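Build the full structure now, drawing on both the sequences and the hints.
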Amino acid sequence: MNQSLVSCGSTSTIRQRGQHEVFCGLTSIIWLHRKVQDAFFLVVGSRTCAHLIQSAAGVMIFSEPRFATAIMEERDLAGMVDMHDELDREVARLLERRPDIRMLVLVGSCPSEVIKFDLKRAAERLDRKYGAGPRVLCYSGSGIETTFTQGEDNFLAAVVQDQPRNGATGKVAKLVVAGAVADVVEDQITRLLAEMGVDDVVFLPGRNSDRLPRIGAGSRYILAQPYLGSTAAALEGLGATRINAIFPLGEEGTTAWLKAIADSFGVSPARFATVTEAPRRRALEATAHYRRLIEGKRIFLFPDSQLEPSLARYLSRELCADIIEVGSPYLHREHVAGELAMLPPGVSISEGQDVEVQIDRCRAAAPDLVVCGMGLANPFEAEGIVTKWSIEFAFTPIHGYEQAGDLAELFARPLMRKALIADGQASSRRRIAP
Amino acid sequence: MKLTMWTYEGPPHVGAMRIAASMQGVHYVLHSPQGDTYADLLFTMIERRASRPPVTYTTFQARDLSGSTADVFKTACRDAVQRFRPDALLVGASCTAELLQDDPAGLARTLNVGVPVVPLELPSYQKKENWGASETFYRLVRNFAGGCERPQHVAPNSCNILGPSALGFRNRDDVTEITRLLAANGIDVRVVAPLGATVEDLARLPEAAFNIVLYPEIGDAAARFLKKTFGMPFVSTVPIGVGATRIFLAEVRALAGLSNDVLAGEDEDRATWYSRSVDSNYLTNKRVFIFGDATHAIAAARIAARELGFKVCGLGTYMREFAREVREAAEEFGVEALISDDHLDVEAAIVEARPELVLGTQMERHIAKRLRVPCAVISAPVHVQDFPARYSPQMGFEGANVIFDSWVHPLMMGLEEHLLQMFRDDFEFNDRAQASHLHAHAPAAVAATAEDAFDSEPLLSADQPPADLSWTPDAERELKKIPFFVRGKARRNTELFAARKGIRPITVETLYDAKAHFAR
Numbered sequence: 001m002n003q004s005l006v007s008c009g010s011t012s013t014i015r016q017r018g019q020h021e022v023f024c025g026l027t028s029i030i031w032l033h034r035k036v037q038d039a040f041f042l043v044v045g046s047r048t049c050a051h052l053i054q055s056a057a058g059v060m061i062f063s064e065p066r067f068a069t070a071i072m073e074e075r076d077l078a079g080m081v082d083m084h085d086e087l088d089r090e091v092a093r094l095l096e097r098r099p100d101i102r103m104l105v106l107v108g109s110c111p112s113e114v115i116k117f118d119l120k121r122a123a124e125r126l127d128r129k130y131g132a133g134p135r136v137l138c139y140s141g142s143g144i145e146t147t148f149t150q151g152e153d154n155f156l157a158a159v160v161q162d163q164p165r166n167g168a169t170g171k172v173a174k175l176v177v178a179g180a181v182a183d184v185v186e187d188q189i190t191r192l193l194a195e196m197g198v199d200d201v202v203f204l205p206g207r208n209s210d211r212l213p214r215i216g217a218g219s220r221y222i223l224a225q226p227y228l229g230s231t232a233a234a235l236e237g238l239g240a241t242r243i244n245a246i247f248p249l250g251e252e253g254t255t256a257w258l259k260a261i262a263d264s265f266g267v268s269p270a271r272f273a274t275v276t277e278a279p280r281r282r283a284l285e286a287t288a289h290y291r292r293l294i295e296g297k298r299i300f301l302f303p304d305s306q307l308e309p310s311l312a313r314y315l316s317r318e319l320c321a322d323i324i325e326v327g328s329p330y331l332h333r334e335h336v337a338g339e340l341a342m343l344p345p346g347v348s349i350s351e352g353q354d355v356e357v358q359i360d361r362c363r364a365a366a367p368d369l370v371v372c373g374m375g376l377a378n379p380f381e382a383e384g385i386v387t388k389w390s391i392e393f394a395f396t397p398i399h400g401y402e403q404a405g406d407l408a409e410l411f412a413r414p415l416m417r418k419a420l421i422a423d424g425q426a427s428s429r430r431r432i433a434p
Numbered sequence: 435m436k437l438t439m440w441t442y443e444g445p446p447h448v449g450a451m452r453i454a455a456s457m458q459g460v461h462y463v464l465h466s467p468q469g470d471t472y473a474d475l476l477f478t479m480i481e482r483r484a485s486r487p488p489v490t491y492t493t494f495q496a497r498d499l500s501g502s503t504a505d506v507f508k509t510a511c512r513d514a515v516q517r518f519r520p521d522a523l524l525v526g527a528s529c530t531a532e533l534l535q536d537d538p539a540g541l542a543r544t545l546n547v548g549v550p551v552v553p554l555e556l557p558s559y560q561k562k563e564n565w566g567a568s569e570t571f572y573r574l575v576r577n578f579a580g581g582c583e584r585p586q587h588v589a590p591n592s593c594n595i596l597g598p599s600a601l602g603f604r605n606r607d608d609v610t611e612i613t614r615l616l617a618a619n620g621i622d623v624r625v626v627a628p629l630g631a632t633v634e635d636l637a638r639l640p641e642a643a644f645n646i647v648l649y650p651e652i653g654d655a656a657a658r659f660l661k662k663t664f665g666m667p668f669v670s671t672v673p674i675g676v677g678a679t680r681i682f683l684a685e686v687r688a689l690a691g692l693s694n695d696v697l698a699g700e701d702e703d704r705a706t707w708y709s710r711s712v713d714s715n716y717l718t719n720k721r722v723f724i725f726g727d728a729t730h731a732i733a734a735a736r737i738a739a740r741e742l743g744f745k746v747c748g749l750g751t752y753m754r755e756f757a758r759e760v761r762e763a764a765e766e767f768g769v770e771a772l773i774s775d776d777h778l779d780v781e782a783a784i785v786e787a788r789p790e791l792v793l794g795t796q797m798e799r800h801i802a803k804r805l806r807v808p809c810a811v812i813s814a815p816v817h818v819q820d821f822p823a824r825y826s827p828q829m830g831f832e833g834a835n836v837i838f839d840s841w842v843h844p845l846m847m848g849l850e851e852h853l854l855q856m857f858r859d860d861f862e863f864n865d866r867a868q869a870s871h872l873h874a875h876a877p878a879a880v881a882a883t884a885e886d887a888f889d890s891e892p893l894l895s896a897d898q899p900p901a902d903l904s905w906t907p908d909a910e911r912e913l914k915k916i917p918f919f920v921r922g923k924a925r926r927n928t929e930l931f932a933a934r935k936g937i938r939p940i941t942v943e944t945l946y947d948a949k950a951h952f953a954r
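As you go down the protein sequences, you meet chains A and B in turn.
Numbering-wise (our numbering), the first sequence opens with residue 1 and increments by one.
Numbering-wise (our numbering), the second sequence opens with residue 435 and increments by one.
Hints should not be assumed to be uniformly reliable.
Listed below are the simulated SDA-like cross-link pairs for lysine to any residue, each with C-alpha atoms no more than 20 Å apart in a straight line [as the list claims (entries may be wrong)]:
hint: 1; chain 1: A; residue 1: K388; chain 2: A; residue 2: R413
hint: 2; chain 1: B; residue 1: K436; chain 2: A; residue 2: D199
hint: 3; chain 1: B; residue 1: K561; chain 2: A; residue 2: M80
hint: 4; chain 1: A; residue 1: K388; chain 2: A; residue 2: L420
hint: 5; chain 1: B; residue 1: K745; chain 2: B; residue 2: E755
hint: 6; chain 1: B; residue 1: K436; chain 2: A; residue 2: H84
hint: 7; chain 1: A; residue 1: K116; chain 2: A; residue 2: E86
hint: 8; chain 1: A; residue 1: K116; chain 2: B; residue 2: N546
hint: 9; chain 1: B; residue 1: K436; chain 2: B; residue 2: R754
hint: 10; chain 1: A; residue 1: K116; chain 2: A; residue 2: H84
hint: 11; chain 1: A; residue 1: K388; chain 2: B; residue 2: I480
hint: 12; chain 1: B; residue 1: K914; chain 2: B; residue 2: L805
hint: 13; chain 1: B; residue 1: K745; chain 2: B; residue 2: D713
hint: 14; chain 1: B; residue 1: K436; chain 2: A; residue 2: L94
hint: 15; chain 1: B; residue 1: K436; chain 2: A; residue 2: D85
hint: 16; chain 1: A; residue 1: K388; chain 2: B; residue 2: E481
hint: 17; chain 1: B; residue 1: K508; chain 2: B; residue 2: F518
hint: 18; chain 1: B; residue 1: K949; chain 2: B; residue 2: L913
hint: 19; chain 1: A; residue 1: K418; chain 2: A; residue 2: V386
hint: 20; chain 1: A; residue 1: K120; chain 2: B; residue 2: A496
hint: 21; chain 1: A; residue 1: K116; chain 2: B; residue 2: R497
hint: 22; chain 1: A; residue 1: K120; chain 2: A; residue 2: L94
hint: 23; chain 1: A; residue 1: K259; chain 2: A; residue 2: N244
hint: 24; chain 1: B; residue 1: K508; chain 2: A; residue 2: E356
hint: 25; chain 1: A; residue 1: K35; chain 2: A; residue 2: R417
hint: 26; chain 1: B; residue 1: K508; chain 2: A; residue 2: Q16
hint: 27; chain 1: B; residue 1: K662; chain 2: B; residue 2: G677
hint: 28; chain 1: A; residue 1: K259; chain 2: A; residue 2: G237
hint: 29; chain 1: B; residue 1: K436; chain 2: A; residue 2: D88
hint: 30; chain 1: A; residue 1: K116; chain 2: B; residue 2: K436
hint: 31; chain 1: B; residue 1: K915; chain 2: B; residue 2: R934
hint: 32; chain 1: A; residue 1: K116; chain 2: B; residue 2: K745
hint: 33; chain 1: B; residue 1: K508; chain 2: A; residue 2: R17
hint: 34; chain 1: B; residue 1: K561; chain 2: B; residue 2: R758
hint: 35; chain 1: A; residue 1: K116; chain 2: B; residue 2: A496
hint: 36; chain 1: B; residue 1: K436; chain 2: A; residue 2: L77
hint: 37; chain 1: A; residue 1: K418; chain 2: B; residue 2: A643
hint: 38; chain 1: B; residue 1: K436; chain 2: A; residue 2: A92
Worth flagging that the hints you see were computed from the coordinates, not collected in a lab.
Predicted, not measured: the structure shown is a model, and the values here were computed from it.
Next comes the structure, spelled out in structure tokens:
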């Protein structure tokens, strides 16, 4: 199952097959339904799917969330009823309850994929049926096809592919920034680019489903997130061209990312320097607060979101950490080539997972900090291994200059906490036993 | 298909996982797609376990479907046995694997893994979490106790405790409390299962005189099996509440052949005195809506009505399996039982019942928050805050003490309530500033948006009075003088009264006529 460890100086990586301790793509609904404010995500799946989203969303389940599950029942599977009729009925019920919905997204799951329920046909039919009502799209968030953030990739690809059909009008977008980022990040990027004279920037996804950009030949796009393989393909299918860059994490990442845009739009180096000077200085200053805590620390990253190569590059180059292994559920060679090239030699790269074997490797390496999912974090802590739970990177504003320090703090906090609590215990011991 | 925004129970394989995670030496190989490992975090995060649950997932992906997923399963089985060396192996399928029909049971048999294999058939598209847990526990008991001999001489005061499990609401402390109470009563607790038990412990189940089922939704099937096979009687009175604890102890003592006059632990009961003390007078007939699993809902209703003097205005459960028991209990309190796993139905029923306190699950907490009604959690599903660090049983006498505190806590205190009725225009201490501990952040601003949620017409009410019932401005003003937590009820009663008598518009007199007519 596991090939021998290979350093990242060469192009080969550890390919793993075995138990994957990861989320499925449905989980991306948790942030997508907040980002796109007039969209509703309807999972066609089982009780497990409903339970997953609600468990992962934790306390964030409102009495009126913008997602739900159409749970398949025995009679659906036994063919006693027509599943398309059933779905139509449930969608009608839903839209009656939520007339404010402008985009209905049907999300495929493992059970619906396995029985080969034709979600695409259902979406097209419903889209026709509701005419001027909500647009109806579909994508797969199933575990058999997607891992965690790949759900967003499939969603954005569906949105892009839907664009020509819905005949978006107006001028063709000059620059599309693809990948959901926090609203505050979106605003900062918009401001910086405007100061460079690059305006007309549109974000994918937008905060609103009907304000989608028109994309065509002449559009350029840049990825803000590393997990957007299908979205990139869909954008290129419409004639857009990619601006190649590493991802905007940390001062270095953000500068390189903005520089790629600036170069592509012919912004003069002087102007670029003027616009970015102050925020670069701030980012470096904020990061420096945490460097002493992370410098020289040995860090092991388990696969989760595909952000791992970028996080490892940031940790290694800006916080001077020592990276042991970078796990990623999937590596899009072309998109992360820049990130991998910046990692120091000796770092192991792994793609996929055999969790037991990877845990063995991790224990053997005795890292100072493990970046992993919530299923592993507390068990590692109980063994005395400090962890940073990785799902936070999907839920926290981490991109761009102003967030560089926050990103560093996410890694530093568990280490600070360990030191604080150890001190506390030591001092209380002293007090009890003079 | 069924539209579901929130589910009270997970799929049945999560129930099976709870049994595996409760026990020691039991490993579960679950044939499931990538992503189903999310269930691990129920244990590692919500219950804050220090170890990974003993579950190996096959986590097959789309590309495996073209090959042999059965081989993936077999490899996972072999690896799991080799790595974890369990005493018993549970094998089963999740909802997606159920569709593939790889037959984990048959496959595991052909593998000869060298440890006992207990196959699970859990129909994911029909059944749910608690059923899955109950079925899994039953299968394990059947497998490991079924073939055992019952000893010739069994000590009459020996018993087993069945039902407590991982992710169960306060099960950890309930077991401690009840075991302590039983010991103080001279009862010898032999095996507690599934929580903490090994398969050897299950084989020792027939060595006790009788069984105690603390959580019928999980332990009932196993207890019935033990009764049928070994003639072991069982007690299934759930000792939640002072009254129920007394009955429980009496029953247990009777089964153990002990006299019925010593009930150790009663001196720890503070709830009875607290509830009798004059401070609790204002709790009389507070309207309370109760929803949860069958066991906790029924127990809560009895405590509410008989021990705290509340008025039960709604009672329900999401467990169809125990609908009959809940219906019977509801009849006792003159309400109609709500049997539903649709949280929108529950919300509608709460709006309709206009309670002053909601006792429910995590979901009712959300509903109550939206409706701005005080709420306490009495049953799973619960979130991380209901797996507290401190000792917090629900059962036994200490459990009753915990319940008194946690149910009364969200209510506004008596003096506060009186002052609000007397002086309505205090700028800090007014109508919309609810109990201080409930709304730490800008209460007035938040409350203003909800604008007395109960005062405005309910969105989902079934029997609304005719819409043309208008109120005179004076009557509206007078209505506002009624404390907010009963104002909704007053509005509705007045409107029903006016509709019945054909009065319109509603005047101040109508309001007081209705008040006199219904009394409180």
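ask   = Of the hints given before, which are not true for this structure?
value = Violated hints (numbers, rising): 2, 5, 8, 25, 27, 28, 31, 32, 37; every other hint is consistent with the structure.
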